[in-house]
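Engineer: The chain contents come next:
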Amino acid sequence: MNIAAILDSMDYGPAPESAGVAEAWLARHDQQFRLFIGGKWVKPSTGKSFATVNPASGKTLAQIALAGEGDVDAAVTAARKALPGWTRLGGHGRARVLYALARMVQRHARLLAVVETLDNGKPIRETRDIDLPLVARHFYHHAGWAQLRDAEFPGHRPLGVVGQIVPWNFPLLMLAWKVAPALAAGNTVVLKPAEDTSLSALLFAELAAEAGLPAGALNIVTGAGEVGETIVRHAGIDKIAFTGSTEVGRSIRAATAGSGKKLTLELGGKSPFIVFDDADLDAAVEGAVDSIWFNQGQVCCAGSRLLVHEGTAERLYVKLKTRMDTLRMGDPLDKCTDIGAVVSPRQRQRIESLVERGVAEGATLWRSETPPPGTGCYYPPTLLTGVSPAAEVAQVEIFGPVLAAMTFRTPEEAVTLANNSRYGLAACVWTENVNLALDVAPKLKAGTVWINCANQFDAACGFGGYRESGFGREGGREGMYEYLAPDLPAYAPPKPRALRLKAPPAAIDRTAKLHVGGKQARPDSGYSRLVPGGEVGEGNRKDIRNAVEAARKADAWTKATAHNRAQVLYYLAENLSARADEFVRRLCQVAGSSKAEAKREVETSLARLFTWGAWADKFDGQVHNPPLRGVALAMPEALGVIGAICPDDMPLLSFVSIWAPALAMGNRVVAVPSQRCPLPATDFYQVIDTSDVPPGALAIVTGERRGLAETLAAHGDVDAVWCLAGDAEAARRVEAASAADLKRSWVDHGRARDWRDPRQGEGTEFLRQATQVKNVWIPYGE
Amino acid sequence: MAKLQPVPSNDSDIARHPAVAGHGRNPGMALDLDWVDGLKVNRSAVERRVATLPGRRTVKKDWQAAWLVKAIQCIDLTTLSGDDTWERVRRLCAKARQPVRRDLLDAMGLGDRKIQVGAVCVYHEMVPTAVEALAGSGIPVAAVSTGFPAGLSPLGLRIKEIEASVAAGAAEIDIVISRRHALVGDWRALHDEVRAFRAACGPAHLKTILATGDLGTLRNVARASAVCMMAGADFIKTSTGKETVNATLPVSLTMLRMIRDYRERTGQRIGFKPAGGISAAKDVLNYQFLMCEELGRPWLEPELFRIGASSLLGDIERQLEHHVTGRYSAAHRHPLA
Chain A
5 MNIAAILDSM DYGPAPESAG VAEAWLARHD QQFRLFIGGK WVKPSTGKSF ATVNPASGKT
65 LAQIALAGEG DVDAAVTAAR KALPGWTRLG GHGRARVLYA LARMVQRHAR LLAVVETLDN
125 GKPIRETRDI DLPLVARHFY HHAGWAQLRD AEFPGHRPLG VVGQIVPWNF PLLMLAWKVA
185 PALAAGNTVV LKPAEDTSLS ALLFAELAAE AGLPAGALNI VTGAGEVGET IVRHAGIDKI
245 AFTGSTEVGR SIRAATAGSG KKLTLELGGK SPFIVFDDAD LDAAVEGAVD SIWFNQGQVC
305 CAGSRLLVHE GTAERLYVKL KTRMDTLRMG DPLDKCTDIG AVVSPRQRQR IESLVERGVA
365 EGATLWRSET PPPGTGCYYP PTLLTGVSPA AEVAQVEIFG PVLAAMTFRT PEEAVTLANN
425 SRYGLAACVW TENVNLALDV APKLKAGTVW INCANQFDAA CGFGGYRESG FGREGGREGM
485 YEYLAPDLPA YAPPKPRALR LKAPPAAIDR TAKLHVGGKQ ARPDSGYSRL VPGGEVGEGN
545 RKDIRNAVEA ARKADAWTKA TAHNRAQVLY YLAENLSARA DEFVRRLCQV AGSSKAEAKR
605 EVETSLARLF TWGAWADKFD GQVHNPPLRG VALAMPEALG VIGAICPDDM PLLSFVSIWA
665 PALAMGNRVV AVPSQRCPLP ATDFYQVIDT SDVPPGALAI VTGERRGLAE TLAAHGDVDA
725 VWCLAGDAEA ARRVEAASAA DLKRSWVDHG RARDWRDPRQ GEGTEFLRQA TQVKNVWIPY
785 GE
Chain B
815 MAKLQPVPSN DSDIARHPAV AGHGRNPGMA LDLDWVDGLK VNRSAVERRV ATLPGRRTVK
875 KDWQAAWLVK AIQCIDLTTL SGDDTWERVR RLCAKARQPV RRDLLDAMGL GDRKIQVGAV
935 CVYHEMVPTA VEALAGSGIP VAAVSTGFPA GLSPLGLRIK EIEASVAAGA AEIDIVISRR
995 HALVGDWRAL HDEVRAFRAA CGPAHLKTIL ATGDLGTLRN VARASAVCMM AGADFIKTST
1055 GKETVNATLP VSLTMLRMIR DYRERTGQRI GFKPAGGISA AKDVLNYQFL MCEELGRPWL
1115 EPELFRIGAS SLLGDIERQL EHHVTGRYSA AHRHPLA
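Read top to bottom, the protein sequences are chains A and B. Be aware that the first sequence starts at 5, since it is given in my numbering, and climbs by one per residue. Be aware that the second sequence starts at 815, since it is given in my numbering, and climbs by one per residue.
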């Protein structure tokens, strides 16, 4: 084509990014990669390798080593060996290394971007302008956390060796999200990239070693799911951090149950993209481009469900269709490409069949007229309108450039539809009305809410999900806590003293029932349980069901003001104080405490209620300043309904210590008190009843701990379970049962804590466990 | 949305004008205040779009050369200085006819193409000189008018000024709107005023300068754009070049989206002219990408796209020489205006 012809056609023409330097790097390795263990390239014990393919051309880029069990073992050993040296470096020493990694990423930004695009198929614009700057930013930010760790996280220690498994959609960015906080906190890492996209991790490891990352601090083992499984099950690993599908996340939760491994999961999503009638529709259309047509829609937080006001829908659809046609699909290395290749033929097949099912279920299909390139693995931008909430394409994660659209009538209906999902990763809200935006954002079940923007990320703003989108946060202060553990002293509770089970009969019989929905209720089983000092109801599954149902309805407690919640907690203390002598007598009678011990336990319980009353209106969240004109509000939100399993030790104090912080943050609690000594808890009913605790906010179900714990953990309408009962088996069952709906769990793995010690019995860890951070991004400007 | 009826036009002769060949005049329509009041512009989203655009589109090699030549064809080569003289304007007109060195055009295979700028833009006093200097070239003369740049002379005089420029041979009239109408939200007054200017233009093309740097908010830019188009503007133009802030990409995107809305409502294509502050070749490419992406291919042609600029041409010439020779060029290697 000559210039005269172009002058008539005004085409963009080719604008290829050169792959030369990247190809030279592949050639230096003879297109053959080993494992990166202990700072060296190591041959895999399997002797096997697999091909990594450029999805845009179908050509093999290199052979990648297939790690075996022995290799994972070697990597864990190398990481363990590197740990003392990495610890000795200190915060500042580690900060220097992380800073060097940030600089290294910037120095080699283009090479890393091109390698990523070759291996993954995403457009060079995205790797160059989005992924790589975010990667560098993440290491800078965490160099800062390394520097500040000792000052800002006192009483915490690193976890040790961390196993990390990252997906193929943002191979290098997800590596950064995992590796930077792990190293900053003082851990060492064994990382497995996704089998389709190993190259950028291998290149990163090579460059990081050159930049001064000590040998063994970061080890890369490559391979498919089995390698990940080996990591997950490896006894020498202290934490697993996983980003990927909900399905795999579920199996990791099940596999690690009871192992003592800490776990964070960043999983799938079906994020709503809500357009109100007063939105800037052109802005919303560009938002959709940045949301569902970003990275071919292979984004866990993609706004894949378009919810649009019914009266606005047609205009928005017209605008969307017009915009879709200007998206350019083609060679990912071309600088004018908007839509690259999907990662693999398997993935494309999945998208195709889901779209077919969507159409079969009644949706109207719109596809961009952009012609797909002749070869390679492409799927065009797609809009499905008239989708019903019941349709499969409205429910399941497609992980492709497919936007499923449906309409709503009122803001309330928009919120209901938005939350009608098992997922809860992100949401977009488009409106020019600040009242509407700030009203809707807290109501959405999502870890991130973007107001009038989409897919904004920053290392300072934690990212992570609600519900089956996983738990844990990456980025920011909350992300650092995921790689630290409170450094608590070992504590062994005293052996329970032998007690007479039956107490002498009271003048008038007192029968402790359960406490459900604000009143005492007979146990469904109709059985009683013999305990020291008397009998309590034998709670069962149905009692848990009833308690959870009442708790679910008691959302007035969550909506109550912080001041109001504080008042109730102080009032509980006031009324406990009025009955202090009664509780002292009870503890002496049923726990075998001396009078002095019992007095101290009651006094400490009172103080604890004051602590949580004090905190109720003080755990405020943060205002982040991400790099845009605007703010990101990090709001700690109540989880909802928490199941709380209490220990036998100090049956009043431990019981109060567990539910009070949960209530303080606005959760409703179903508490299972001490199995052996429940009477102090059942005596507490009257304190609850006289303290303005709304019905359902705090339920108490006595009975067999492990069974009740498991029922709570398996309950689909319970948002989290705390198992701090000093009972390893109960903890294991909670973790295992929670896999079904990936609810959050906080368990002690059988390690008891001394509830009298404020470091163990209270503290901000309880507040963090009682809340999840929602980041609301609010760009502004008129 | 109310069904909108275009206002009938009496300007049937305008279509014969060379500058608007194949492009019908905008008859305007009755003021639709519901549309004006309902306009939403999210500034952060607008800024994000324009900030990412240069990363999404680029042109290289022959394509870049062609796009830059196209940009030249869209330039309203402008001189609006107090020290303008007749000779100065004649020099400018000569440059307008031959904006790129002949040898460079030959090297690019464009020797047989008539490569000249979109128009020459001057004050009323210089219109006859420019018309004479451009005779036979087909290059229209545009006159800034209506008390440019402040627009605060008496309305009657402003209308007379338009009539005088048209009578003197100006084919395009760049009027300034009364910013005060936009700033206080008196859209009817603005509509009436522009309507009157439109009538005074007769066959000449009406370009309305919003002076966006004075309007304060993008929402005001959007509203003023809509009102001017409803009043019959053939082009909407960002700036006089005399405001503190002149053409910017966010302002331009806002105006382009209004042009798109207007077309959806009336079927009418309105042109766009950013003016002031576009002096580098790489900047003008971003404007072209914005036109192409937001409005489409027709808006890359001078019938619908003009760039008000004086020093831009020099930079494009240097880039074109670099394209031809592979060596970076210098200003003194290209003839002055």
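Fair warning: there could be bad hints in the mix.
35 Å max Cα-Cα, derived DSBU-like pairs, lysine-lysine [claimed, not checked]:
(1) Lys557(A) - Lys447(A)
(2) Lys447(A) - Lys622(A)
(3) Lys323(A) - Lys1096(B)
(4) Lys874(B) - Lys339(A)
(5) Lys325(A) - Lys854(B)
(6) Lys447(A) - Lys974(B)
(7) Lys325(A) - Lys974(B)
(8) Lys884(B) - Lys63(A)
(9) Lys884(B) - Lys339(A)
(10) Lys1096(B) - Lys325(A)
(11) Lys874(B) - Lys323(A)
(12) Lys974(B) - Lys339(A)
(13) Lys325(A) - Lys875(B)
(14) Lys974(B) - Lys323(A)
Bear in mind the hints are in silico, worked out from the structure with no lab data behind them.
Engineer: Each hint: holds or not?
Structural biologist: So, going through the hints one by one against the coordinates:
1. Lys557(A) - Lys447(A): Holds, at about 16 Å.
2. Lys447(A) - Lys622(A): holds, 21 Å
3. Lys323(A) - Lys1096(B): OK: Lys323(A) and Lys1096(B) at ~29 Å, within 35 Å.
4. Lys874(B) - Lys339(A): Holds, at about 10 Å.
5. Lys325(A) - Lys854(B): holds, 20 Å
6. Lys447(A) - Lys974(B): violated, 60 Å
7. Lys325(A) - Lys974(B): Violated: Lys325(A) and Lys974(B) sit about 46 Å apart, past 35 Å.
8. Lys884(B) - Lys63(A): At roughly 39 Å apart (the allowed maximum being 35 Å), Lys63(A) and Lys884(B) break the hint.
9. Lys884(B) - Lys339(A): holds, 21 Å
10. Lys1096(B) - Lys325(A): The given pair, whose Cα atoms are some 30 Å apart, holds under the 35 Å limit.
11. Lys874(B) - Lys323(A): The hint holds at about 30 Å.
12. Lys974(B) - Lys339(A): violated, 51 Å
13. Lys325(A) - Lys875(B): holds, 32 Å
14. Lys974(B) - Lys323(A): violated, 42 Å
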